[in-house]
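Enquirer: Going line by line, the protein sequences match chains D and H. Those letters in the first sequence? Residues 1 to 117, by the numbering used here. Those letters in the second sequence? Residues 1001 to 1111, by the numbering used here.
Among the clues, some could well be false.
[As the list claims (entries may be wrong)] One side of the interface only, derived from the structure: several residues of chain H facing chain D at Cβ under 10 Å:
| hint | residue |
| --- | --- |
| 1 | Ile1004 |
| 2 | Gln1006 |
| 3 | Asn1007 |
| 4 | Ser1008 |
| 5 | Leu1011 |
| 6 | Tyr1032 |
| 7 | Gln1038 |
| 8 | Arg1042 |
| 9 | Gly1043 |
| 10 | Val1045 |
| 11 | Gly1095 |
| 12 | Phe1097 |
| 13 | Lys1098 |
| 14 | Ile1100 |
| 15 | Gly1104 |
| 16 | Phe1108 |
[Claimed, not checked] Capping the alpha-carbon separation at 25 Å, the derived lysine-lysine pairs in DSS-like fashion look like this:
| hint | chain 1 | residue 1 | chain 2 | residue 2 |
| --- | --- | --- | --- | --- |
| 17 | D | Lys57 | H | Lys1098 |
| 18 | D | Lys9 | D | Lys83 |
| 19 | H | Lys1098 | D | Lys70 |
| 20 | H | Lys1017 | H | Lys1057 |
| 21 | H | Lys1098 | H | Lys1071 |
| 22 | D | Lys57 | H | Lys1003 |
| 23 | H | Lys1063 | H | Lys1003 |
| 24 | D | Lys71 | H | Lys1057 |
FYI, nobody ran anything at the bench for these hints, they're computed from the structure. For every residue, glycine included, the Cβ atom is placed at its ideal position computed from N, Cα and C.
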Amino acid sequence: DGGITQSPKYLFRKEGQNVTLSCEQNLNHDAMYWYRQDPGQGLRLIYYSQIVNDFQKGDIAEGYSVSREKKESFPLTVTSAQKNPTAFYLCASSPHLPPSGGNNEQFFGPGTRLTVL
Amino acid sequence: SQKIEQNSEALNIQEGKTATLTCNYTNYSPAYLQWYRQDPGRGPVFLLLIRENEKEKRKERLKVTFDTTLKQSLFHITASQPADSATYLCASHTGGFKTIFGAGTRLFVKA
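Chain D on its own, in the form it takes in the complex (with noise of 0.2 Å):
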């Protein structure tokens, strides 16, 4: 059953603490991202990564890391710097970056929402 999965599905966070969200793919994707998503806004990219050991920032990357150590998994890590985390958080994957051949549709995980206390 191929897909992907995010955990946990609630994270709750108190001010100062480091989280990390997990995101896995057995899709065989390349191409992995992280999204947050807040209420009456469209999804906003954190980061990107095209390949095992390459992630590159998107447009709100401040506050927030990533890894790539393998073609599976893309744990994002929020940091005590970033300052209004709360939101809901959503992992994608795609065959390859856009534009690409095909839909170049990004395949949802199921999200995290992350609360801080």
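Dock chain H against chain D, hints included.
Expert: Here is chain H on its own, set in the frame of chain D:
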């Protein structure tokens, strides 16, 4: 800056009617536009892609149009059902490796 705008007001329609959602883009010319469906608390799911040289595309009860003069895409759901109630996102590639997403339009279909 490059933007995608969707109507932020929710759309309420009666079952069986056609729902029409709008996506407008500014400050760029996308090679294609995508539409995704997102249910509450879940990740978006891809529905359709339409390229700039295609005027219209259909998939079952879904129809998408692309008007490069108006800089707009319309997304239609015919014979709508309560199960179609969700948020629909418009997205496109903006150059480089990025895809940008609109904020989405929430659709409610009443039985």
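Enquirer: Tell me the hint numbers this structure goes against, listed in increasing order.
Expert: Hints 3, 5, 16 and 24 not satisfied by this model.
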